[in-house]
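Take these sequences, add in the hints, and give me the full structure.
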Amino acid sequence: MTEIEKLEAGLEYCYDDPAVVARKENAIIQCKKYNVIDDSDYDAQYAQLQAMLGSIGRDVWIGKTFNCDNGKKIFIGNNFTGNYNLTILDIKEVYIGDNVMIGPNTIITTVGHPLSPMGRRKHIGVAKPIHIGNDVWIGGNVTILPGVTIGNNVVVAAGAVVTKDVPDNCVVAGVPARKIKDIEDDTNGV
Numbered sequence: 001m002t003e004i005e006k007l008e009a010g011l012e013y014c015y016d017d018p019a020v021v022a023r024k025e026n027a028i029i030q031c032k033k034y035n036v037i038d039d040s041d042y043d044a045q046y047a048q049l050q051a052m053l054g055s056i057g058r059d060v061w062i063g064k065t066f067n068c069d070n071g072k073k074i075f076i077g078n079n080f081t082g083n084y085n086l087t088i089l090d091i092k093e094v095y096i097g098d099n100v101m102i103g104p105n106t107i108i109t110t111v112g113h114p115l116s117p118m119g120r121r122k123h124i125g126v127a128k129p130i131h132i133g134n135d136v137w138i139g140g141n142v143t144i145l146p147g148v149t150i151g152n153n154v155v156v157a158a159g160a161v162v163t164k165d166v167p168d169n170c171v172v173a174g175v176p177a178r179k180i181k182d183i184e185d186d187t188n189g190v
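Numbered per the numbering used here, the sequence shown spans residues 1 to 190.
Hints should not be assumed to be uniformly reliable.
As the list claims (entries may be wrong) - Each computed EDC-like pair below joins lysine to aspartate or glutamate, with the alpha-carbon atoms no more than 20 Å apart:
no.	residue 1	residue 2
1	Lys24	Glu5
2	Lys122	Glu12
3	Lys33	Asp98
4	Lys6	Asp17
5	Lys72	Asp98
6	Lys128	Asp182
7	Lys179	Asp168
Stated by the list, open to error - Using C-beta positions, here's what the derived DEER-type ranges look like:
no.	residue 1	residue 2	range
8	Thr81	Pro176	23 to 31 Å
9	Ser55	Asn141	34 to 42 Å
10	Ser55	Pro117	33 to 41 Å
11	Glu5	Ser116	17 to 25 Å
12	Ser116	Asp38	40 to 48 Å
13	Thr2	Asp39	36 to 44 Å
Read the hints as simulated data drawn from the structure, not as lab findings. For every residue, glycine included, the Cβ atom is placed at its ideal position computed from N, Cα and C.
What follows is the structure, given as structure tokens:
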């Protein structure tokens, strides 16, 4: 298998393989194009996001500076706000639902590395997809780790590190993030 095939299959892969590096280099170019668009030119920003991401819904805004590892593995629903300095390391897929707000300086990473020093010396990575439900508010300076699913109607408190799945209708906080309270879903299916 090629390193890209290993990556796509969710297996360990070499992150400095030329094909893997080419994806990242393209993402860097696309993010640079996005980040230099005039802040008041929402149409141009939206068009660039459409070109660089897997898919986006209506009313999507991402503040500057935005960075990603691929772009084509990011799928965003309707009514999305990604505040300043959002980083999404989308080696694997990142699915974001409708009505999601993400605070500044947040990192969503689908990729991890071995605990073994020899594995790290060999530049090994392994990636798992991330799913974020509808009506989620992710506070500033949050880190979401590989393989996590965040349910619907969730608030992730500022500074949290999400290492495990989060159920619907709750607030999580801390390092690692833990459920601290239930919250009502007052949308009634709206």
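Violating hint indices (sorted, rising): Of the numbered hints, 3, 6 and 9 do not hold.
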